[in-house]
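Residue numbers (the working numbering), protein chains in the order written: chain Z, 3 to 317; chain W, 3 to 317; chain L, 3 to 317; chain R, 3 to 317; chain H, 3 to 317; chain U, 3 to 317.
By construction, these hints were calculated from the structure, which means they are not laboratory data. A quick note: this is a predicted structure, and the numbers were derived from the prediction, not measured. Some hints could be false.
Where chains are identical, the list cannot tell them apart; a pair therefore holds if satisfied intra-copy or between any two copies.
No more than 27 Å apart at the CA atoms, straight line, and that leaves these computed lysine-lysine pairs for DSSO-like [what the hints assert, rightly or not]: (1) Lys53 - Lys301; (2) Lys219 - Lys7; (3) Lys246 - Lys71; (4) Lys312 - Lys301; (5) Lys312 - Lys246; (6) Lys53 - Lys311; (7) Lys153 - Lys312; (8) Lys305 - Lys153; (9) Lys301 - Lys219; (10) Lys305 - Lys71; (11) Lys311 - Lys153; (12) Lys311 - Lys71; (13) Lys30 - Lys305; (14) Lys301 - Lys71; (15) Lys312 - Lys30.
Protein chains: 6
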Amino acid sequence: MEYNKAISDLAVGDTVEGYYVLRAAQIKTSSSGRPFLAAVLADRSGAIDAKAWDYAGPVGAANEGQIVKLRGTVGEFRGALQLTIDRIRVRGANDVVDLSALVPVAPMDPDAALAAVTRLVASIADDDYRAVCTAMLARHEAAFRSIPAAKTVHHGFIGGLLMHTANMLRTADFLAGLYADTVDRSLLLAGTLLHDFAKESEFTFSSLGLVTDYSVKGELLGHLVMGAQEVAEVAAASGVPEEKSVLLQHMILSHHGDPAFGAAVRPMCAESELLSLIDQIDSRMEIYREALADLPAGKFSQKIFALDKKIYSHE
Amino acid sequence: MEYNKAISDLAVGDTVEGYYVLRAAQIKTSSSGRPFLAAVLADRSGAIDAKAWDYAGPVGAANEGQIVKLRGTVGEFRGALQLTIDRIRVRGANDVVDLSALVPVAPMDPDAALAAVTRLVASIADDDYRAVCTAMLARHEAAFRSIPAAKTVHHGFIGGLLMHTANMLRTADFLAGLYADTVDRSLLLAGTLLHDFAKESEFTFSSLGLVTDYSVKGELLGHLVMGAQEVAEVAAASGVPEEKSVLLQHMILSHHGDPAFGAAVRPMCAESELLSLIDQIDSRMEIYREALADLPAGKFSQKIFALDKKIYSHE
Amino acid sequence: MEYNKAISDLAVGDTVEGYYVLRAAQIKTSSSGRPFLAAVLADRSGAIDAKAWDYAGPVGAANEGQIVKLRGTVGEFRGALQLTIDRIRVRGANDVVDLSALVPVAPMDPDAALAAVTRLVASIADDDYRAVCTAMLARHEAAFRSIPAAKTVHHGFIGGLLMHTANMLRTADFLAGLYADTVDRSLLLAGTLLHDFAKESEFTFSSLGLVTDYSVKGELLGHLVMGAQEVAEVAAASGVPEEKSVLLQHMILSHHGDPAFGAAVRPMCAESELLSLIDQIDSRMEIYREALADLPAGKFSQKIFALDKKIYSHE
Amino acid sequence: MEYNKAISDLAVGDTVEGYYVLRAAQIKTSSSGRPFLAAVLADRSGAIDAKAWDYAGPVGAANEGQIVKLRGTVGEFRGALQLTIDRIRVRGANDVVDLSALVPVAPMDPDAALAAVTRLVASIADDDYRAVCTAMLARHEAAFRSIPAAKTVHHGFIGGLLMHTANMLRTADFLAGLYADTVDRSLLLAGTLLHDFAKESEFTFSSLGLVTDYSVKGELLGHLVMGAQEVAEVAAASGVPEEKSVLLQHMILSHHGDPAFGAAVRPMCAESELLSLIDQIDSRMEIYREALADLPAGKFSQKIFALDKKIYSHE
Amino acid sequence: MEYNKAISDLAVGDTVEGYYVLRAAQIKTSSSGRPFLAAVLADRSGAIDAKAWDYAGPVGAANEGQIVKLRGTVGEFRGALQLTIDRIRVRGANDVVDLSALVPVAPMDPDAALAAVTRLVASIADDDYRAVCTAMLARHEAAFRSIPAAKTVHHGFIGGLLMHTANMLRTADFLAGLYADTVDRSLLLAGTLLHDFAKESEFTFSSLGLVTDYSVKGELLGHLVMGAQEVAEVAAASGVPEEKSVLLQHMILSHHGDPAFGAAVRPMCAESELLSLIDQIDSRMEIYREALADLPAGKFSQKIFALDKKIYSHE
Amino acid sequence: MEYNKAISDLAVGDTVEGYYVLRAAQIKTSSSGRPFLAAVLADRSGAIDAKAWDYAGPVGAANEGQIVKLRGTVGEFRGALQLTIDRIRVRGANDVVDLSALVPVAPMDPDAALAAVTRLVASIADDDYRAVCTAMLARHEAAFRSIPAAKTVHHGFIGGLLMHTANMLRTADFLAGLYADTVDRSLLLAGTLLHDFAKESEFTFSSLGLVTDYSVKGELLGHLVMGAQEVAEVAAASGVPEEKSVLLQHMILSHHGDPAFGAAVRPMCAESELLSLIDQIDSRMEIYREALADLPAGKFSQKIFALDKKIYSHE
């Protein structure tokens with residue numbers, strides 16, 4: 003028996019033991035009047051229906067989203083695999099679990115990425131912009147290390163926002179050099195760092211850290227307006243001159259490029275124009291990366307919703 | 003000689019004396035090497051070119067936008083009227099001037115309008131929404147009495163914002179009654195009052211109070227975001243619960259209805275949906291009122307830019 | 003046993019007796035060769051599958067859409083409730099049935115609403131417009147009292163058109179007062195009354211009065227063109243001057259505001275501009291009213307097709 | 003001296019005598035206090051400014067749009083040609099004038115074109131459709147022979163509507179044969195004949211027969227709705243079954259193809275789909291014909307407003 | 003027993019013998035461990051599930067898309083017809099099969115159609131254009147006789163491209179006569195012939211000749227660019243002057259009319275404008291022909307994807 | 003006297019001697035019957051009207067666009083500066099002229115830029131892609147060193163295409179490193195080098211090397227299709243496998259990103275997606291660079307046509 007076997011590798015007859023995510027759980031009553039647990043178990047590789055017969059608890063609906071330890075056997079029901087659970091309990095405080103096997107995690111070292119971000123922030127020449135960045139990083143560091151950048155479109159995994167921001171900062175740094183006579187490097191890097199911080203309050207998250215939905219505030223205001231508002235407060239508290247605060251807010255408010263894509267205002271300076279293009283580059287390259295991972299060479303994908311088109315995997 | 007004769011009534015040969023706006027002014031040198039003042043004078047009814055020969059000051063470019071007192075004679079140059087100025091000076095501190103003859107003014111009594119607004123605000127049942135409204139009215143009262151709501155599109159005259167808001171509040175009050183089971187009257191009236199306050203900082207104004215242009219902040223952030231930000235601050239300072247603050251901000255951010263028309267987010271509750279329609283009604287009725295004023299019955303107007311169409315004046 | 007129990011309240015084991023709508027019905031043959039009735043029964047609260055075993059008629063496909071009286075028992079089949087019918091017959095001429103329990107009905111008193119409409123029509127000052135309104139009301143009164151304003155989008159219930167028109171007339175009356183110097187009250191009220199009368203021939207209706215589909219004429223011409231055509235005839239028959247007839251037709255042809263939303267021409271006078279906005283207000287407020295009825299406070303709805311967005315139910 | 007010399011051929015020093023259109027005329031007073039006539043004269047080839055010195059009438063503003071006989075000499079003023087008039091009078095009842103030299107006329111024989119149209123109408127197999135066509139032709143024959151199909155876009159000349167309709171009928175006849183199993187030839191030809199008849203009341207015309215503007219009715223209702231309305235009346239008067247009348251109205255209401263291009267409804271049957279394409283073909287080929295007439299081979303035109311692009315004249 | 007009975011006519015109890023297309027095939031194992039063939043059989047009229055019990059080959063997945071001969075009996079499984087196969091083999095080299103019963107075929111005589119195309123090509127007056135057409139016809143003749151013009155939208159059957167092109171050439175010939183002073187008949191006919199030849203390499207085809215998908219090249223370049231490229235080569239090889247080659251390429255590149263519909267450039271000469279309209283006519287008439295075939299008179303269709311609307315079948 | 007004084011620095015009374023571009027020239031006749039030259043002279047800084055009195059040649063219309071040497075005096079006519087020419091002749095073969103003072107030139111060292119491009123091409127790992135790049139560079143080197151990338155929008159100066167391509171290659175090189183697991187560096191760099199080569203034949207150029215207009219071929223085919231066609235030829239001649247040739251063509255055909263912006267197909271692989279974004283970045287940064295050059299800090303520009311918005315110059 004393989005411990006913690008990936009769900010996508012399970013086959014009829016397998017005995018299973020290990021930690022999985024309890025995505026859904028309900029205590030039901032069978033036609034013979036007996037209680038049973040109807041559950042969906044998941045790991046990073048997929049999901050499987052599961053039943054614990056003659057089971058009335060304690061694991062149940064209240065534990066949805068938590069990690070459970072279980073033992074069971076794989077069978078088949080109406081043409082699909084089904085796991086019959088023998089034993090199940092909620093993960094204890096001392097259980098050591100490899101989270102990266104259970105939820106998708108960014109393919110990078112978060113410490114290194116955060117260090118790189120911090121170094122780039124420290125390299126911002128303008129004292130005011132650097133002060134706002136430092137203060138914002140301090141306020142958001144914990145979430146910034148771990149939250150996804152989206153539910154599913156791109157970077158929808160643990161560490162997604164950090165990976166997205168770190169990539170964008172590297173590109174911003176490069177382009178600030180290439181277009182040094184047109185672009186203020188300090189403003190560009192500051193805007194890039196700050197542009198998505200408010201995703202922390204735009205979304206709600208599962209206990210495992212994935213995005214579950216938009217928050218009420220997120221739907222009614224949007225992360226652009228929320229982000230600009232926090233930066234305005236932090237800039238005021240740091241004694242930053244108003245024009246600089248307004249420029250930082252403008253960077254955030256316009257980073258979706260066009261009102262049709264959610265921008266509250268259109269980019270009107272070289273740095274905000276560039277930020278919206280850098281954001282597009284990193285978003286789209288990540289969509290390609292994720293889609294190409296499952297696509298054989300020489301084939302077209304299905305239509306990808308976020309791109310509104312198919313893509314091609316060349317040799 | 004008619005004192006303060008309206009510019010649109012001037013004819014060749016008239017002697018002119020009175021107060022006018024110095025819309026443009028420049029000291030130039032004639033082909034014979036003599037200095038002269040080339041000016042444009044304006045009142046509410048129109049504008050006229052003017053020259054003061056052999057004149058080197060003190061009135062000049064620095065006085066543009068101010069009110070001057072002058073005396074002169076109307077002649078003709080290349081088919082257009084031209085005023086030859088005999089005497090000109092800037093309006094003194096003691097000169098009594100009828101401002102409404104010089105700049106366009108809302109066709110209403112501002113005291114009565116403000117009183118009506120105040121009464122409606124006082125009638126807001128929800129203590130939190132009323133507190134925010136009262137605080138915002140207190141902060142903005144002076145400007146709210148006098149500023150236009152736009153440069154030219156509609157309500158582009160002294161008192162325009164007050165007239166626009168007062169009309170909208172009356173309609174909001176009526177519709178809150180008609181749709182009482184769907185709409186929260188307190189939220190609708192509060193959002194209506196607050197929706198355009200930030201126009202005070204979105205625009206720059208001439209010394210006579212008309213809109214001259216957008217401010218830097220106005221262009222880069224827009225009055226929706228600025229307005230939501232101030233309301234967030236005021237609500238926090240007043241101890242208003244966050245959900246109510248978010249709803250007020252949402253009302254302001256969405257009152258243009260659609261991102262294509264400048265909304266930062268789309269309306270998502272009955273009150274914000276209604277606010278954007280009430281705003282459309284009052285804006286368009288004012289555009290019609292202004293356009294129909296100059297249009298004979300039975301005729302179509304020229305294409306009106308803000309409506310992207312011609313309109314018809316029926317009998 | 004609860005008589006006429008609402009379908010949404012039924013549970014396994016209930017005995018049922020009462021009047022329901024026979025939404026679908028077919029006589030089939032079981033695998034054992036016996037005839038049975040497979041039906042769907044509905045009331046205002048929902049629908050349920052039903053079977054009458056060993057039953058060959060007389061109730062069958064020919065009675066679809068009619069009201070039946072039945073007695074039966076609620077069971078379960080493949081996870082869904084199913085009603086086993088013991089007795090069933092078509093509603094007789096003397097059966098007293100509470101229609102409002104079976105089909106959705108406007109939440110208003112139709113007599114009061116019609117009286118309010120009639121009073122407002124009587125208040126139209128212009129003799130010509132009032133004459134057309136009076137003649138049209140007389141031609142359409144029966145249908146106007148009862149037909150829905152749509153199949154599903156909004157006001158899709160008995161009395162929907164009357165409720166929609168009555169609400170709009172109240173708003174038109176209010177706005178005609180607020181914008182009295184720009185708007186001709188007589189024209190606005192007349193256009194409001196007349197704008198949707200042709201829905202009577204644009205749709206086909208079930209025997210219970212609900213919209214089943216578009217008529218051929220409704221699809222090929224649309225209720226705007228049909229409505230304008232009838233008003234042209236009635237106006238001509240009443241000796242109304244042509245300009246007034248043309249203005250009334252224009253009100254009807256343009257009341258969808260924009261060709262993209264079905265307007266045959268764009269509104270070109272203040273009254274038609276206003277009519278299209280009043281129509282939007284009442285349509286959207288009704289969509290909100292219906293959607294909010296099922297939405298708990300603090301939640302967002304699913305995406306609503308007619309609005310192309312989710313809506314929020316605040317506290 | 004060349005009698006009735008084309009205006010585009012005039013040169014400084016020419017003596018002119020003949021008939022021209024008095025496009026504009028005004029009696030003015032010179033700086034020396036003498037009356038003179040300031041006029042614009044036009045023929046099919048162009049226009050020229052003209053002056054009659056020391057002239058107070060009788061020809062004046064009241065004669066704008068009429069044909070005058072005059073004698074004069076061509077000079078130059080501020081770099082442009084100017085005609086000094088010696089004698090001028092309004093065309094008398096007995097004066098024989100070649101209208102085709104003064105206003106643009108369709109390049110076809112109107113009698114032959116009308117005969118061809120009449121033959122195709124006579125060939126319509128369906129008695130009902132043919133009856134409506136015959137009745138409509140009889141009602142409109144005089145205008146149909148002569149009015150333009152537009153002000154400027156295409157066919158903006160005397161006989162334009164007849165030329166446009168005759169061409170379209172020929173194409174409709176051909177395509178009805180090619181797609182005989184999909185298309186009802188009678189319906190297609192009838193719709194084609196009728197589609198633009200209402201242009202007669204959509205426009206106002208100068209005394210020489212050219213389109214001067216839209217009529218009030220034309221702006222407020224449009225020729226599609228007006229045309230459908232008249233066909234409905236004529237069909238009813240002829241006892242045509244309602245479905246056929248509705249189909250004819252649908253052909254007219256949908257012939258602009260898409261609401262964005264002015265269609266009141268979208269084409270929903272093969273014949274209306276085809277009619278809208280046949281209309282596009284003839285409109286665009288005429289736009290090309292007119293634009294290519296002035297364009298040397300190997301050159302691109304200026305951007306053509308009605309096509310929103312430049313076109314190319316190949317060898 | 004009816005030999006080769008159409009699948010849409012099969013009923014429970016029928017014995018079946020004949021040739022059908024093996025659309026899908028898989029050797030599976032039953033719950034009792036026995037091998038069986040699970041297949042889908044198709045002919046022009048429809049498809050049916052089929053099983054061959056205790057069957058391990060030789061017919062299997064490798065034969066998908068081929069024609070098989072079989073014998074079996076029609077039964078029922080879970081409410082749907084199912085064919086139990088007694089004998090099955092792949093069609094042999096000597097089996098005579100009526101292909102038109104198995105796959106959809108254009109309703110025309112391909113020899114006659116090709117002859118008509120050839121005659122029209124021979125009638126092209128311009129030697130250069132005719133030379134390119136003749137060369138291209140020779141290169142593509144085999145495929146041109148048989149390939150469909152699309153997967154499903156229109157002309158998605160054997161011979162579809164030939165039927166589409168032949169119809170369009172007839173219309174081009176007619177319109178070249180009607181607009182002889184504006185249109186170069188040689189260019190119009192040549193562009194019409196050539197416009198879709200590259201569909202041969204834009205698609206991949208099943209062994210029976212139907213379109214299965216886009217080719218890699220077809221997705222990445224499109225048939226417009228591929229077609230223009232081949233014509234450029236052929237024209238160069240034939241010594242055609244460059245302007246003519248460019249015009250032919252322009253015809254092909256612009257024949258979708260608008261970039262939104264896939265045109266690489268917009269039509270800029272009368273012939274390319276006309277070609278795009280002729281293409282629309284034939285495409286849409288074929289969509290109507292196919293949709294009307296299944297639509298009873300007096301009914302509307304479901305929404306047709308390619309037209310984005312319903313269509314109506316009149317009497 | 004300052005030799006070759008910049009036109010923007012000229013003032014009344016200046017004596018002028020030096021080389022200028024003869025932008026326009028015409029021999030005219032004065033009112034006194036004497037011939038004179040009416041010309042417009044230009045250098046990089048601006049343009050000025052000029053007259054040579056009593057002058058009949060040899061310099062005239064035939065020399066437009068050439069460089070002339072002249073001597074004259076600056077006066078004033080109707081409020082504008084005017085140069086009275088004393089002597090004028092066409093630049094001789096031995097005259098040494100500083101071209102960069104007369105026409106706009108890219109702010110870079112063309113040798114260094116070309117060397118950088120060549121180095122990056124040499125670094126392409128894939129032999130096939132590198133071969134095509136090398137061959138194309140060899141074919142186009144002379145033009146590639148000097149032609150502008152556009153008439154006016156961006157990079158509309160000598161060396162513009164080289165500057166644009168060199169910048170884009172640097173960014174492509176950087177992003178190929180950042181997204182190394184998603185992007186094929188060889189394909190990205192090759193597509194970037196090749197994407198605009200066909201601008202050489204899309205435009206026509208003045209004798210001084212600036213873009214004057216589109217060529218016929220450029221208008222009818224566009225530089226995307228022309229570029230793909232040449233690359234297809236070169237790839238075939240170099241024995242490059244078809245898939246690689248197709249990918250290169252796809253890069254060129256899709257580099258405008260969206261059909262609405264001129265793309266013949268939409269980008270469907272990571273490299274073409276990235277190329278279109280890199281192109282946007284460099285185009286827009288250059289538009290900002292040019293616009294900001296003339297814009298004081300703290301000011302907004304006029305609306306910039308290519309961006310459809312104003313831009314802001316911050317401190």
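If you test the structure against every hint from before, which numbers come out violated? 1, 2, 3, 6, 10, 12, 13, 14 and 15
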